[in-house]
Amino acid sequence: MLQTSANLAWLIALPLFSSAILLLIGKRANSWGHVMACIVSASTFTIGLVEFFAMQSRSAENRAVTQKLFTWISVGSLNVDAALLLDQLSICFVLLITGVGTLIHIYSIAYMSLDLDRRRFFAYLNLFIAAMLLLVLGDSYLNLYVGWEGVGLASYLLIGFWNQKPAYATAAKKAFVANRVGDAGLSLAIMIAFATFGDVSFSGIKEQTELASTTQLTAIGLMLLLAACGKSAQFPLQSWLGDAMAGPTPVSALIHAATMVTAGVYLITRSNFIFDAAPTAQLMVVIVGGITLLFGAIIGTAKDDIKKALAASTMSQIGYMILATGLGPIGYAFAIMHLLTHGFFKASMFLGAGSVMHGMKDEVNMRRYGGIGKFMPITALTFGLAYLAIIGVPPFAGFYSKDKIIETAFNAGGSKGLLLGITTLLGAMITAFYMTRVVLLTFFGNERWGHKDEPAESPALMLIPIGLLSVGSVVSGFFLARGEALVHWLEPVVNPLKEHHSGEFLSPIIVSLLTLTAVIIGISIAVNKYRSAQADLAPEKVSILTTAARKDLFQDSINEAAFMRPGQSLVGRLLKIDYLVIDGLVRAVGSVSLTAANKLRTLQNGYVRSYALMMVIGALALIAVIWSVTA
Amino acid sequence: MLTAPSLSYSLLAPMLIVFGGAVAGVLVEAFLAKTHRAAVQLTISLGALLLALQQLWRIRDLSSTTAAVNSVAIDKAGIFLQATVVLLALVAVLLIADQDNFVAQASAVPGSSEEINTLQQKSQQTEIFPLFLFAVGGMMLFPVATDLITLFVALEVFSLPLYLLAGLSRRKRLLSQEAALKYFLLGAYASAFFLFGAAFLYGYAGTISLSGISAAFGTANEVFLLIGIVFLSVGLLFKISAVPFHSWTPDVYQGAPTPITAFMAACTKVAAFGAILRIFYVGFAQSQTLWQPIITVIAILTMIFGSIVAITQRDIKRMLAYSSIAHAGFLLSGVVALNKDGLAASLFYLFTYGFTTLAAFGIIGLVKDSAGEVTDLNRWIGLGKKSPLVAGVFAFLLLSFAGIPLTSGFIAKFAIFSAAYKSGNIALVVVGVLASAIAAFFYIRVIIMIFFTDPVNDSVSVIIPSVKSRISITIATLISIILGLAPSLLLNGADNFANFLR
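Residue numbers (numbering that gives the first Met the number 0), protein chains in the order written: chain A, 0 to 630; chain B, 0 to 501.
Okay, chain A solo, but in the shape it has when bound (with noise of 0.2 Å):
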């Protein structure tokens, strides 16, 4: 039996309410909401951490905690509470949210003070804090479910945020359709676990797992790598997160780069009962890891604008999450590490990008930046500690947990293990290149902003979170990978250890090494090209690749050529059927009716004779209609 904890739904609580007042006060709230929105952010850390502490003091099997809030739904076979699960695996969650969150809370002060509308701002991130929590606390699918369309919502008003401008609010639309199918995965999984095990919680789930066939389990894998591919912008559903950077620079450090997209290796890692019992989910999330580890990387290499480039970059360390998700037991520990791990390096980048932003007028494009290093020492200095974070140099966060994920792949085996070891090095390769390139173009080279402010450096309120945050992505990754910490710790959600180290293909040493010249030869022809060049404007005879990668790969064009234009198509027919055969049988009835009445109502006449007789006639008749049935 689970011990129960009386806290967990203060964690939930706090911020939607708060997010609710807001809202709800309005105006008035102008002056002291943002300040009430960060303290709410830092209580739940708070709550997060002495949740933590206790954990930790208790034996490996009694970690985990619920708290049944009120029974939800009951309904015949169906009974689901709405009960929150406290785990080893969502206590990870738990700090990345609250911790990351309540940081990039404090940063939107500043960020955001010359806005007018900061207070619905806040509330926005006070509501996305509590559904995400209520998405990794959920003890059942239906619970997750509520907190998975929680953060789809925030994520779209905080995209839209700027609705204002109609671009924006496409992105927001944009990011909501492309969510949407992911969505329809998920709930359709869910009804598929109903169907199979009457049961939608995680716990009652696992225990039957071997009742169910392989094909009814791989059809639940598959819907929930759809929903994990909508959430995390993952190939085929990955089109959104680039315009999802419309949303204020914070929001895409939080949501778009920390933990919202994220959801979906949590949900995979959550699922692992599924998906080790499914082998062909599982390779269809490796595949999917895979392409998007590398699509990403590529659109990465030809963006101009640094958070799209950041967005793409975002992309691509998801797929190697996801990728190592799919490697069975000892790959989810390692998928959750670099999602911890890059939660601090991207949103110290992120925040970074904000800083340069502010003080370049809102300038996104890089190629009006250059030798921004000088005017802004301390961003610099933090945007190259999460560089160094994210491209794996030891001893930053990213070395660790990348080098494990791409050790894993080399020894899954045979020639997928070769395969997807390429792949992986193939991405570090990638990745050390593009962001060689954000880093040159950004901070180093000739200044080509072309108008005679100097940037100024960002105040302090923006200054501490960034520097907290790169801290964290230099140590992060040694603490977690420290004798196995984050592994062990881990264990009893997904028992790793039982085929660890089985059949290695490569030693560590080696794979290090390999990495290390993957990145080091990425980085080498980034700085060969970028480092003299007069990068003003973008090149314009180039070749078709990067035309493609300019263009997204394409992805738009797909997405429109495939189900945006047919669908169009079918929906105008629907309409015509719908005018022509089921209005114009309404409008049928509906003249034939009025025809009817018009004729009907000069019965009507006002006359109390008239009515007397048709009393009369109409009893008459009665008795005529009996008479002829009875005889």
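It cannot be assumed that every hint is accurate.
[Stated by the list, open to error] With a cut-off of at most 25 Å between alpha-carbon atoms, the simulated SDA-like pairs for lysine to any residue come out as follows: (1) A/598 x B/432; (2) A/598 x B/433; (3) A/26 x A/38.
[What the hints assert, rightly or not] If you want the footprint, here are the derived chain B segments under chain A, 3+ residues with CB under 8 Å: (4) 48-62; (5) 181-187.
If you are wondering where the hints come from, they were derived from the structure by calculation, not from laboratory data. Beta carbons: idealized from backbone N, C-alpha and C, even for Gly.
Given chain A, put chain B in place with the hints provided.
Using the frame of chain A, we list chain B on its own:
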């Protein structure tokens, strides 16, 4: 030597209290100073109704056929129907208490200086309250009466006050008086049919009790039975406004003061259907092959006629009158079903329809211009912009009339049609659903006019209702909403109470 008939006062208490209240009201009218009458009358009415309700609650599990010398049956369904009438009357009396809608002196000639004087003095007569209580008492007696004479007496007891009340509208006096006269003439005419039928039934069975008529089946001359059923039905069908005995309805609904229309539309329907259900379920259950075809035909005609003619109406009160005709058709399917489900569904239907109707007419009474109520639909255009709350509630009530899911009207229709379906009357169900579809058209047309048509410059506005009206409309609307969201609250009750003593 004559022995005094034994009466079970305890079981008759609810009716006796209401009649007692009515008599007390007459005395108040005769002896109390004018200034205090209105308040005292309202107190008496509310008190009598509440007390009657409490008495009904007390006897809810009792039953007897001999409470008043075999002429009244106190049973489950009877108590449910009486309670429905009393509850509806409680809500209706608050609407009626807004005396602004009533003429100051009923006997004054329309437009005469006498009338203007009384209006200016604001000294209104308050005979509406005792009249109202007599009507309620008659309506309580009607569905529990078990012999033809008591039925007739009850019919007249609740009809006569209604004839008078219909003529008391303060504005549009001539229209109101014309309506009252029409209602009276046709009502008397229908009563004659009723009596004529009763005489034939007595000739057929040699008794006037419903159980006696039922027992006589197969032993006597069927022609008498047949003519008796038809003529008795004409009298009853007149009261529920079934086609072709409906003609009075639009004229009277339009002419009567709106609170009276509300009361009449809600309570008369409950009482008359209660009596019809008892007569057909108890008295004529044996002879169902005789009457089921005619009631089926009447039901179909009524549903179609009401739904179709409502489309062309330009006056909201007339439109609701035709809507009430259509609903009578839907309710007749519950009579034809002749099973326990049909009875339970009818009880539920009457309850929810009653409250929805009360609320709807209550709101109609709020839409006014300087000359009084505005019932011309064209002048309701754009009301949603002027008073979103009132218009929103009205739209909800219309949706409930139309039977859109999540409203009580939907549940009621569903229950009654499924009962009819179970009894094998599939044609009735098909026509019923089609008629509902047609009916939805004119309800939703009003919603479109209120909300989605640009308002014209007009002096129409929604007045701020008095506290009494506000309470009344709120309660009725809430009941309608609650029964839509949680119908099982009442469905189970209706099911438990769906039982006539034979």
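#### Entry: Hint numbers contradicted by this structure
Number 4 - this is the single hint that the structure violates.
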